[in-house]
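A.B. asks: Sequence:
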Amino acid sequence: MISAWLLAALPAGAQQVVELPAEDRWLEPVIEELYQVGSAVTGEAWEQFGQIMDVAFDGAGHLYILDRQAQLVYVVDGDGRLIRQLGGPGEGPGEFAETAAMAVFDDGRVVVGDPSRRGYHVFAAGGEFERMVRMAEPGVASVGRVVAHAGSEAVVGVPTQSRIMVFSGAVFDVPVRFPVSHALVRIILSGEETVRDTIVEAWLPPIDSEGMDRVDIANYAPRPTSLLPEFSPEFHWGVLPDGGVAFSDSSTYAVKVAAPAAGGVRILKRPFPPEPVTGRIIRAEKDRRVRRLEETAEPGTDLSARRRGIEGMEFYTELSVIRGLGTTRDGHIWVLRRGDGPSDDGPIDVLAQEGRYVGSFPAGTMALPTAFGPDGLVAIVERNELGVQTVTVKRVLAGTSGR
Numbered sequence: 042m043i044s045a046w047l048l049a050a051l052p053a054g055a056q057q058v059v060e061l062p063a064e065d066r067w068l069e070p071v072i073e074e075l076y077q078v079g080s081a082v083t084g085e086a087w088e089q090f091g092q093i094m095d096v097a098f099d100g101a102g103h104l105y106i107l108d109r110q111a112q113l114v115y116v117v118d119g120d121g122r123l124i125r126q127l128g129g130p131g132e133g134p135g136e137f138a139e140t141a142a143m144a145v146f147d148d149g150r151v152v153v154g155d156p157s158r159r160g161y162h163v164f165a166a167g168g169e170f171e172r173m174v175r176m177a178e179p180g181v182a183s184v185g186r187v188v189a190h191a192g193s194e195a196v197v198g199v200p201t202q203s204r205i206m207v208f209s210g211a212v213f214d215v216p217v218r219f220p221v222s223h224a225l226v227r228i229i230l231s232g233e234e235t236v237r238d239t240i241v242e243a244w245l246p247p248i249d250s251e252g253m254d255r256v257d258i259a260n261y262a263p264r265p266t267s268l269l270p271e272f273s274p275e276f277h278w279g280v281l282p283d284g285g286v287a288f289s290d291s292s293t294y295a296v297k298v299a300a301p302a303a304g305g306v307r308i309l310k311r312p313f314p315p316e317p318v319t320g321r322i323i324r325a326e327k328d329r330r331v332r333r334l335e336e337t338a339e340p341g342t343d344l345s346a347r348r349r350g351i352e353g354m355e356f357y358t359e360l361s362v363i364r365g366l367g368t369t370r371d372g373h374i375w376v377l378r379r380g381d382g383p384s385d386d387g388p389i390d391v392l393a394q395e396g397r398y399v400g401s402f403p404a405g406t407m408a409l410p411t412a413f414g415p416d417g418l419v420a421i422v423e424r425n426e427l428g429v430q431t432v433t434v435k436r437v438l439a440g441t442s443g444r
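Take 42 as the starting number for the sequence shown in my numbering and just add one per residue.
For the record, the hints were derived by calculation from the structure and aren't laboratory data.
Glycine is no exception: its CB is placed at the ideal position from the N, C-alpha and C atoms.
Take these hints with a grain of salt, some might be off.
Said to hold, decoys possible - Pairwise CB distance ranges (calculated): (1) Gln92 to Ser267: 18 to 24 Å; (2) Glu64 to Gln89: 44 to 50 Å; (3) Arg324 to Phe219: 28 to 34 Å; (4) Ser250 to Ala325: 30 to 36 Å; (5) Phe208 to Pro270: 24 to 30 Å; (6) Asp254 to Arg347: 24 to 30 Å.
Stated by the list, open to error - With a straight-line cut-off of 25 Å between C-alpha atoms, the simulated SDA-like cross-links for lysine to any residue are: (7) Lys435 to Asp148; (8) Lys435 to Gly121; (9) Lys310 to Ala393; (10) Lys297 to Arg324; (11) Lys327 to Gly353; (12) Lys310 to Val59; (13) Lys435 to Glu85; (14) Lys310 to Pro282; (15) Lys435 to Gln56; (16) Lys297 to Ser273; (17) Lys297 to Glu359; (18) Lys310 to Val422; (19) Lys297 to Arg66; (20) Lys435 to Val422; (21) Lys327 to Pro340; (22) Lys435 to Gly91; (23) Lys297 to Ser222; (24) Lys297 to Val59.
Using the sequences and the accompanying hints, generate a full structural model.
C.D. replies: Shown next, in the form of structure tokens:
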């Protein structure tokens with residue numbers, strides 16, 4: 042085992058590789074379903090969610106749900122009952138023009154990113170609106186997923202994973218550079234205007250930006266991965282309780298842990314190689330997309346152009362081992378591995394951030410949680426065959442090693 046302080050002591054740019062075992066150690070988790078909210082369950086008016094953008098817990102185990110369509114944040118107690126609502130559509134203090142992301146601190150403070158108003162709304166622990174912090178960046182106001190950064194007035198985000206972008210005329214007046222990496226940044230909210238501080242930079246597959254004009258660069262810089270081939274490695278990340286981050290940025294099994302202050306990176310590896318993408322895999326994926334297109338299209342729609350688009354798709358050379366990653370309140374990292382097919386979920390590995398393999402939940406045990414709370418709480422957002430979204434809250438204890 043490697044002590045956690047060693048990571049913080051690594052010099053900037055240093056890497057420490059921890060080789061984890063190849064053999065799976067199966068865990069038998071104890072899972073207790075506590076409650077479920079959503080219109081398909083009780084039919085309460087507030088539960089008729091339009092588009093759930095984010096869910097998160099505070100330190101007391103209260104659940105927060107950001108509904109983009111309703112422009113509201115719902116706060117739910119440990120029994121699934123509504124405590125209060127935050128925000129709402131409008132132009133007044135604490136009202137939203139466009140909700141793009143939400144972060145919740147342990148003490149109950151809430152931050153909501155609003156690119157249309159070019160700022161972050163900050164709510165006090167009791168739900169009262171405190172202030173708005175302006176986005177410092179001129180030109181494009183873009184907001185992606187954000188997570189509270191423990192022990193500070195900041196949230197963590199990735200500028201290259203924008204969800205919603207709003208352009209202003211200034212986009213053509215300031216230099217715009219095409220990104221060459223995924224930067225995990227702290228967005229500091231203590232002043233009247235945001236300040237960004239880079240925690241670590243991660244790998245972004247090379248993208249040829251030669252020949253792009255200013256409009257193209259402005260459009261694609263906040264979401265450069267939209268230009269990559271299918272099956273390209275995705276960037277998965279989470280924030281650890283000490284303020285550090287864990288992330289995966291390649292097709293291999295390499296989970297990287299960076300300290301909260303600038304320093305080295307520890308790499309946790311398991312010897313599972315990526316699978317080469319064959320012609321058979323490509324053909325099966327194209328056929329799957331055509332079937333989905335035909336099943337969801339309105340009757341009488343001309344699909345010929347979209348079929349040609351699917352047939353002309355380009356593909357990455359290999360299938361990534363890791364499909365998802367989450368971090369828990371006690372410093373564990375949950376790593377979702379790929380199953381048999383390109384889009385199939387496999388086992389979930391549980392790693393300790395100091396470099397220890399705890400064990401794995403067998404494939405099909407549960408979905409990778411959308412949010413992790415205190416005392417083993419997890420929230421999972423699901424959509425049924427009718428498109429109705431629900432949030433299920435469970436308590437998960439890692440349990441003991443099985444076979």
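A.B. asks: Tell me the hint numbers this structure goes against, listed in increasing order.
C.D. replies: Hints 10, 15 and 18 not satisfied by this model.
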